[in-house]
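Could you put together the complete structure from these sequences and hints?
Chain order of the listed sequences is R and Z. Note that the numbering used here has the first sequence beginning at 20, numbered continuously upward. Note that the numbering used here has the second sequence beginning at 1378, numbered continuously upward.
I should point out that these hints are in silico values taken from the structure, not numbers from a laboratory. Fair warning: this is a prediction, and the values are worked out from it, not measured in the lab. All clues stand as given, with none of them false.
Pulled a few chain Z residues facing chain R out of the computed Cβ check, cut under 7 Å:
id, residue
1, P1475
2, Q1480
3, A1482
4, C1483
5, T1556
Only part of the chain R face toward chain Z is listed, based on derived beta-carbon distances under 10 Å:
id, residue
6, E113
7, H114
8, L120
9, G155
10, R168
11, A247
Heads up, the beta-carbon is just placed ideally off N, CA and C, and yes, glycines get one too.
These are the residues of each chain, in order.
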Amino acid sequence: MKLHKALVAASVAALALMGCAPGGEGSAISASQIGGESPSALSSAAPVIDGATLRGYMAYDYDIAESAAALASRLPYAFLAEVVGWSDGYSVLEHVEESGLAVASRTALLEVKVTESFAGTPVPRGSTVYVDFARGVENVAADGSTDPRTSGAIPVEALRLAAPAGSRFLFVGYPGVDPADQIYAEYITVEGAGVGLPEGATVVTPHPQGMLFETAGGDFVSARTGDADVRGWGGSFDALLSELRAMGK
Amino acid sequence: MDLISSPRARRGLLGALAALALAFGAVLAGAVPAKADASLPWTHDRAHHTWCYQSGFTLSTEADWAMTWLRTQTDANTAFWSPCAAEVDVWWSNFYQPGTFGQTACKAVTSSAPGVCTEFYVRMNATLINAQTLASEQRKKTSCHELGHTVGVNHYGGVTGLPNPDGVGAADSCMKSGTVTTAGAWTSKWGPHHINVHINPTFP
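Next up, the structure:
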């Protein structure tokens, strides 16, 4: 895991050295956002959130909301929650005909405890919800093996360290989608569907802008789309919460 | 001094120095192309772009167009492979996720430089795309958009901090994120900034 973090940090640092200037399409990701330790982090009891690891290797085309309230007003779920724990989720394998190769979409199951519900479908305080969390895509060889050195999927253990139990985050999103309905390839298999889910569990899936973790300094980092997409939203995690609370008044 | 004497801070400092050293080494080795967009979690491997489709992919016409646009608008070269095989750069497939027209994932990185992606998985949400008022334009735009992510450019649009990189009032490009509300050539083009600053310098 330390190696993984160092390598992610190295690649991000390399990109930061050569990327767009701040104010263009997004400035470089800071060291604190990839698991480094800012001075404010050292003086706070809140967990350090590793946003780059949570986001993994994914990018999207979607309608970018101008604010947290604008996003929450149009989606079924908006709540504040705490991480209880991470576990491995299901995988959807898309097979390449005749070759034996496959591409696996890996997920994690994030168990959370809801502490406050803001809009849309009310979720009782203290209730348990499961977030269907995409953790990336990787090749599967004909013999079923994968190569962790080149995999595009983030290991569950890395996610566990990136957002440890007790981390607070704002969730905005949708009801979960059945794994078999997520991929339309001709030859698919689903492995591990429903693993870890109790009967009648509430499963949700986030909007790209809909998972924002509170950082030790009171700021927030995005766990799905890049931080540039939410840079214009409020000044702090608490400011986001205040904005959402005001929706109900 | 208090900061340096902290074990956590020392680890952080050493980590940062190691990261910088690795990054510098990667630059010297040419593993990371110049001018990659810093807001993406990857850069591509500098090789020309091959592409293929997963079985059952329904938007192959638009995918072919996008690969052709990349070849004609930039310094990239592209070539079609069938069936998909390891080391093809761009695999196209369908998926469904609410609220997302398309998604690009890196499915294989270079083992020595995890920020360098060698194989991308581009997924199109045909259900959502085809339900749009300007479905034909949306298919083109999202194909172009996702392919843009594979050559190192990020999207823009919507909020403060995400302006059009070609400037206020400049023509839009397919890297504008979200629903297509006006038809036009922009849905099949990358902008000058993306082409000249980010895409072309990464191809031999």
